[in-house]
Each structure stands twice: as structure tokens, then as C-alpha cells.
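Please arrange chain B on chain A, whose structure you already have, making use of the hints.
These protein sequences, in sequence, are chains A and B. The first sequence begins at 5 in this note's numbering and counts up one residue at a time. The second sequence begins at 1221 in this note's numbering and counts up one residue at a time.
Careful, some of the hints might be misleading.
Claimed, not checked - Okay, the calculated beta carbon distance ranges per label pair:
#	chain 1	residue 1	chain 2	residue 2	range
1	B	S1414	A	T214	26 to 32 Å
2	A	A187	B	Q1265	28 to 34 Å
3	A	D184	B	E1234	16 to 22 Å
4	B	G1453	A	G152	37 to 43 Å
5	B	D1413	A	D184	23 to 29 Å
6	A	R121	B	Q1233	25 to 31 Å
7	B	A1450	A	D118	48 to 54 Å
To be clear, the hints were calculated from the coordinates, so they are not data collected in a lab. Ideal Cβ positions, reconstructed from N, Cα and C, are used throughout, including at glycine.
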Amino acid sequence: MTAPTTVTLRRPAATVSIVGQLSSSTDGAVAREVQPAARAVTTADAEALRHLQQVHGPVLLSFLTRLTKGDVHRAEDIVQETLLRAWRNPDARNSEGRWSRGWLFTVAKRILIDQIRAADVRPEERSDEHIDAHARAEDGIDKLVDAGEVRAALNSLPERLRVTLIEIYFQERSVSEVADLLAVPPGTVKSRTFYGLKALREALISRGFTFRTSGPESGTERDG
Amino acid sequence: MADIIGSDAHVDQELLGLHYMDALDPAQSDVIHRHLEECSACRAQADEVIGTVAALALLGIDDVVPGTAATPPPAPAPARGGTAPVRPSGRGGSTRPGQPKGRSGRTGKLVRTGSLLALVLVLAGLGLATLVRAPQGKPTPVVTAAAVATDGTTGASASVMVSSEGDDGVTVRATVSGLRDGAAYVLYAVTSDSATGEVSRWTGTAAVQDVSGYLPVRIGDLSFFTVSLADGGPVVSVYLPGVAVAPTR
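Chain A extracted, bound-state conformation (with noise of 0.2 Å):
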């Protein structure tokens, strides 16, 4: 990862006006000019950034929440950075124009212990919560993501069902491929994946694994 010169400058609002027109070399005459040329181009690239956005968005979110123990706020600039970071990075996307999920966990992963790690020199933002956060990504990202009892929950799942989801979602592969690769049906995989992820998510609460429920005020996700 690139480790970017920061130059931040937050004004206070009374600082900072609308302070009339831009000089004359960038009237909206530009925007008019250029916009609608530079739109066509990218039609493919923001769709690619679309589906990302609506397909692992909610996932990401959901997966930061949890490691921010519930900072919703925090996880959603988490989410933001992830994006812009995978729209920078169009090599991490395969043949068929979709960006690898393994490597976007990652990167948010990355982003979450690179912000805490950067609290840690500033004092005046660091809370109690943070201190512990800080002290879990000194521990190192295994402790931060404690993954025991996921693991031990889909240990657990009959075979199929868990060959069929660890397929689909680590080794990142399309329904009619796992269906070749297991030589059945393809509604055979989604049916699987369906029953997979339900009975995970049972074997998870069974081990004492706390959703969140609808509510942003769930405190604790659970102890770690």
C-alpha cells in the first residue's frame, strides 16, 4: 500500500465562504464541454463500481461494524476508503471486470488497523475504546478478527453444505462452476448455498455468536 503524504486541512466553517466565481479559464463552460464525452467512457467502469458497491457494501459495513464493535460511523468511512481504494486499484479486478472479495476484505482489514495504529500517535483522539482496539491490533489482526467460532460453525455444517460455500465465497466462483466442479445442478448450488448460510448462521448463535438486529444500538457484538 501506497502511504500517502497527508495533507489535511479542516477550516472551520466561519472561515470559509463561496467566494464567487472561478476565474475565467474554468467557467462552467468546461464542465458543459467535457462532461458529457468523459460520461460515456466510463459507463462499464461505474457499473463495475456499482455492483461492487451494492453487492459487498452492506457485507463490508456489516463486517467493520462488527470489527469497530459497533462504531457504525467509523465502519462506514472504513467502507468509503475500501471503494475509492478498489476504484484506484483496477488490477484487483478479474477477466470478468469484478474486483476480488478476498482482496477487498483485506484492504478494509488493512484500513481499520492502519487507523487505529494512527490514533495511537494521536493522543487527543483515543479513548478508552480505542486504547482497547489499539491494544487487540498490537496483538496482532488475528486477535482483532477473532474467527474461532466461525470457523468452529462452519466445521461444523454437513459436507456439502460447506464445501458448497466455501467454494462459492472463498474460492470466489460462480454457481454453474461449482455445480461442474460438484457435478450437480446448478439449483442444487443455490439451494445449498441458501440452507449453507442458514444453518451457519444457526450454528453461530447456538455458539453465543450475537447478531446485530436491527438497531444501530447493539452495543457489544460479542466478547472477544
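Okay, now just chain B, sitting in the frame of chain A:
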């Protein structure tokens, strides 16, 4: 898309997991996404699926596939280990050629015809309001818009993300690259009625830089951003085509 929305006018539940695991065709996912925006019953189902998939995301591939190296590289890199077959196009695959760089011809044309100081070559806007929307009834929705642009003449590029919480103002965060080392730059925001505000001022370097600032304007009034040399013309402009899809209440 009849398979996606069932006879009961709701999304086929069996597709929700595949949707959030990115195993569906983009067109199918699009139908599901649009339905979810309107249907709270399906959204409740979707929330459960999201939570479960997000739990799965706590595991790495090496957790579940023995012998797999920690594959996903953190830096820009090819999508996956080369041997795994990529998704076959399946339905509607022909519309997804995955052509990230197929725009140089148009670029040259634009540069020639325009001879403008700032040319927007890459443009994408996304209203993230949906994404950022709280699951249910969060009091202050965060409205966000983002866009990216690269200038063919100067090689400068900028991505801008604007966030607004309420009507008080917007926070602008931009990531810029390709600037001249040591030159002074200014990031201006321009509203749809051509009023201009200065977001930030900084000295360029060869590296990627993040700049940010605050402006007391409504996000819906913003039209575009321009990175300019402090003593000269603009080097790259970034338009926000899809701003203001904000739910205003």
C-alpha cells in the same frame, strides 16, 4: 428477471446469499438491489444474510482451504491465484468485457478538440446514500458522493469523496497524484450555480497525497471540483454527476 422476483413479488430468498457473495450476474444483482430499496420485508431477510456473510468474512481463505497461501494481496495485484478459473460469463456475460483501459482513443480526440487546460477523462460518480444508509431509522443519514478523474494532458488524477451530515456543510476528502513536486496547489469546489469555494491548499509532491477540507455548502449544490496550480490554471477537474440523490428527510 422473472426468476429473481417470485410470484409473491418478493426476491427469491435463495438468491440473497448468492447476491451478497457476488456469485450472481450484475444484472441480477441489480434487480435484487433495486427491490431491496423498496421492500422492507426482503430487506429484513437481506440483513440476516448480510450478517451471516459478514461473519464468514472473518475467516480467511487459508482458514477454510488447507494449503492455500494467504492469497489476496493487499496491494494492486491480479485478482486471484492464476490457476483458479474465473467465472464463466454465463448469463449476460457479453456485456462485461472487463476493459479498464480502453479509452485512449477517445482521450486523444478530446485532447485535440478541446485544447482545454483541464480535461476530464475518467468520470464516475456514485451516490453512496443507499450504502451508507443505516439499517433502520438512523437519525442523521450520511450522504456521500464520490468521483474520480484523470487528466490526459497533465497526468494528474484526483478522486474526491464528499460526505454530508445534515444541511450544515460537507467534508471533502480528495486523493491526488501526478502533481508537480514543490508546486502549490488549490482544491476548489464549484457549485451548480458556479460559486467557488476553496477546500484546501497544499504543496504538491510526486507521491500520492490526501487533502481534505470543509465547506459550508449543501452536498446537492456541488457540481465539480478542480485541482488548480495556485498561480495558474486547473490541472484536473472531477465532476459529481450523481450527487443529491439524498433522502432529504
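Now the hints, each set against the structure:
Take S1414(B) and T214(A): their Cβ atoms lie about 51 Å apart, and the range 26 to 32 Å is violated. At about 30 Å, the CB distance of A187(A) to Q1265(B) agrees with the hint of 28 to 34 Å. Distance hint for D184(A) and E1234(B): a CB-CB separation of about 19 Å, consistent with the stated range 16 to 22 Å. Between G1453(B) and G152(A) the Cβ separation comes to about 57 Å, which falls outside the hinted range of 37 to 43 Å.
About 57 Å separates the C-beta atoms of D1413(B) and D184(A), a value inconsistent with the hinted range of 23 to 29 Å. For R121(A) and Q1233(B), the hinted distance range of 25 to 31 Å is not satisfied, since their beta carbons lie about 41 Å from each other. Taking 48 to 54 Å as the suggested C-beta distance range, the pair A1450(B) and D118(A) does not conform, at roughly 30 Å.
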